[in-house]
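Asks: Each chain, written out:
Number of protein chains: 2
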Amino acid sequence: MPVLVMKFGGTSVANLDRIKRAAKRVGVEVAKGYDVIVIVSAMSGKTNEMVGWVEETSPLFDAREYDAVVSSGEAVTAGLMALTLQEMDVPARSWQGWQVPLQTTSAHSQARIEEIGTDNINQKFGEGMKVAVVAGFQGVSPEGRITTLGRGGSDTTAVAFAAAFDAERCDIYTDVDGIYTTDPRICEKARKLDKISFEEMLELASLGAKVLQTRSVELAMRYKVKLRVLSSFEEQSDEAGTLVCAEEEIMESNAVAGVAYSRDEAKLTLLSVADRPGIAAIIFNSLSEGGVNVDMIVQNISEDGRTDMTFSCPTDQVARAEQALLATKGAGELNYAELVADKDVAKVSVVGIGMRSQSGVAAKMFKVLSDEGINIKVITTSEIKISVLVDRKYMELAVQALHDAFDLDKVA
Amino acid sequence: MPVLVMKFGGTSVANLDRIKRAAKRVGVEVAKGYDVIVIVSAMSGKTNEMVGWVEETSPLFDAREYDAVVSSGEAVTAGLMALTLQEMDVPARSWQGWQVPLQTTSAHSQARIEEIGTDNINQKFGEGMKVAVVAGFQGVSPEGRITTLGRGGSDTTAVAFAAAFDAERCDIYTDVDGIYTTDPRICEKARKLDKISFEEMLELASLGAKVLQTRSVELAMRYKVKLRVLSSFEEQSDEAGTLVCAEEEIMESNAVAGVAYSRDEAKLTLLSVADRPGIAAIIFNSLSEGGVNVDMIVQNISEDGRTDMTFSCPTDQVARAEQALLATKGAGELNYAELVADKDVAKVSVVGIGMRSQSGVAAKMFKVLSDEGINIKVITTSEIKISVLVDRKYMELAVQALHDAFDLDKVA
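So the sequence lines, in the order shown, correspond to chains A and B.
Here the UniProt record's numbering is used: position 168 in the first sequence is 168, and no number is missing along the way.
Here the UniProt record's numbering is used: position 294 in the second sequence is 294, and no number is missing along the way.
Quick caveat, the hints were computed from the structure, so don't treat them as lab data.
As the structure is a computational prediction, the values presented were derived from the model and not from experiment.
Treat each hint with caution, since some may be false.
Claimed, not checked - Pair by pair, the computed Cβ-Cβ distance ranges are:
id, chain 1, residue 1, chain 2, residue 2, range
1, A, Arg222, B, Glu234, 55 to 61 Å
2, A, Ala331, B, Ala31, 43 to 49 Å
3, A, Pro2, B, Asn120, 38 to 44 Å
4, B, Arg151, A, Thr118, 36 to 42 Å
Claimed, not checked - Listed next, the in silico DMTMM-like pairs over lysine to aspartate or glutamate satisfying Cα-Cα at most 20 Å (straight line):
id, chain 1, residue 1, chain 2, residue 2
5, A, Lys393, A, Asp371
6, A, Lys46, B, Glu49
7, B, Lys24, A, Glu56
8, B, Lys20, A, Glu56
What the hints assert, rightly or not - With the Cβ distance kept under 8 Å, some of the chain A side facing chain B (calculated, not the full set):
id, residue
9, Ala68
10, Ala75
11, Val76
12, Ala78
13, Leu83
14, Thr84
15, Glu87
16, Ser94
Backbone N, C-alpha and C define an ideal beta-carbon position, used for all residues, glycine too.
Okay, chain A solo, but in the shape it has when bound (with noise of 0.2 Å):
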């Protein structure tokens, strides 16, 4: 039998009522003829409630026990979404990570998927069960002890249970229908895409990560896993939602799929910095053991052995980014006149794999903002994405010019 994964997020599953809509899709795809292997998560909330316990309870708290208690959420959607099942006749049962086992490393609260072993759910199927509820989030270490993936974490074992299973697709239920040409919130002509692929899904990350998981997203581009994101609140057809997949599978697309953006982006410059080999090094070795999550970095040209040098990182990393910086200072390490942090800044960016063959795309998105009177203040390119850095109060305008521009209401 074809197998299919079907991934139900915490919204999906919130309540009785929520778990039973879930359930008849997933008989759907049952009465189709797949093997269905349904990977839960944690009713909405119900993980926030735990990891508040657990950081009242030990603020330096035991990674071990935080995933033992954190990852008792999952267990409990599991079995109700196997019983709800059996209540339609869907013969099914519910495994939790070290029944599978999914094996994972000992980093816990943040594990990585080792192996999946197939046998005990592939006999189960042998029997005739038609389902197999899998706790998403969680899995079992080397030393036998309980561990979690991190947040969002269900999407990775949704993937990596399709990896494991050479499942046909990989749904992903949420609470949107699929991915955007951008932010509908902030630009409405933004559009559902139908497909998209991993390299632009990733570089959307602003966009999709609040519906995807990035590292579900990488481990699916591997592994050629076919995503499609849907939403469990509507009726669904067979082509509904965006499905993410590998570029040879898209015919033809638009140079610029998307309009991603980040919002809380601050722009930090040292005036007067030494010019010379290794300081580079020292400023963002200092930032990195800082805890600084620095993006874009531009260096000015040099006068009279000196330069600037900017950078942009997370708004409320600023005052990290200040601190780190002036230790260097202080350890004499690093010299430079002064640090102006800007914290009014946003990142627009736009994402293509077209333009990989489509020229003119950075000169076309330059211009789009120069006709607004939008000013550049940082600008990075990667070979599908442009990023350029912009006062905030521009970045409404910013995106919906650029979505304009690039013609993304349209079908390419």
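Following the hints, position chain B against chain A.
Replies: Structure of chain B alone, referenced to chain A:
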């Protein structure tokens, strides 16, 4: 190191503050030099909530899935308790049933303990761990699925661990401060017992059931595990609470240790039943198959080849009893003139191992009730218990009069 088992029920771990209070008690015992095994229940209310979800989802639920769901509450408190102890610098870790392993039968939702593996926990004690926090109520079946032990199963878990680890004592922390001579709510002279024998504790089930699960007392008796019942809401000395122990350890005792009662009893009489061999078997087989828990049985003297048969059962089973007997009558296997049900009766019992050596307890009991004008409807006796059925309106009076007459407010 000597091992101590400490069990905390749902109200004793109802929130983070109470878990902290319980952990402090554990710390006191660790400081005395014990290796401690802590058995925890789910936070009060959590198990009921999950049972409700299961029953709403699937009225005739698959007990294997029921177990997978309802066992999750204990995992949460075990992890939180371990974290709380770690915060107090007490080396601790949590264990779920399958990790210990605590092996049970496959009788899901009412499994029996088969074996407790001691190697894993003993190894950790050897490595310096001072407290093993074990999720109560749960185990693992030979098929590798999670089982639960039935309501109050955490008491049984605690006693089983005390037996397996040859613990010096098993302390059951609960919301009452011990076992009383009778229910303090209906007899203000009720006195807390310092010691009570296993046998008496079992007979006092109607008092003890609220405090100790009957199975845990049976198990403690078989393996000679000293059980102590005490409150988690008070500062406790080594002599606090009530010790449930072997008869030999109780030096001197009253003939009567306590007065128990059961409010919701009903008395049913089958009038004019043919008095022939096998008729009792037919009647009680019919009731048993109808799911009626018959308690006391009395047969009148025969007259003209016919007799009356009286028995008692819980009030809420009267309809079931009537139905079962009517069906048997309808099938021609039984004949009787009438079935008379009296739902306004209660059972009052005096219990004490001293009865074995001291005569006259029954006579005294009947005289006390007679002096109060209380009519006895049915009598049954065992080696250490005498029970009578009386009109429910006299129940409190009967308990108080017997408590006085047998001097239960005074230490023997």
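Asks: With reference to the structure, classify each hint as holding or not holding.
Replies: The hints, checked one at a time:
no.	hint	in the structure
1	Arg222(A) <-> Glu234(B): 55 to 61 Å	holds, 59 Å
2	Ala331(A) <-> Ala31(B): 43 to 49 Å	holds, 45 Å
3	Pro2(A) <-> Asn120(B): 38 to 44 Å	holds, 41 Å
4	Arg151(B) <-> Thr118(A): 36 to 42 Å	holds, 37 Å
5	Lys393(A) <-> Asp371(A)	holds, 16 Å
6	Lys46(A) <-> Glu49(B)	holds, 13 Å
7	Lys24(B) <-> Glu56(A)	holds, 17 Å
8	Lys20(B) <-> Glu56(A)	holds, 11 Å
9	Ala68	holds, 4 Å
10	Ala75	holds, 5 Å
11	Val76	holds, 5 Å
12	Ala78	holds, 7 Å
13	Leu83	holds, 4 Å
14	Thr84	holds, 5 Å
15	Glu87	holds, 5 Å
16	Ser94	holds, 5 Å
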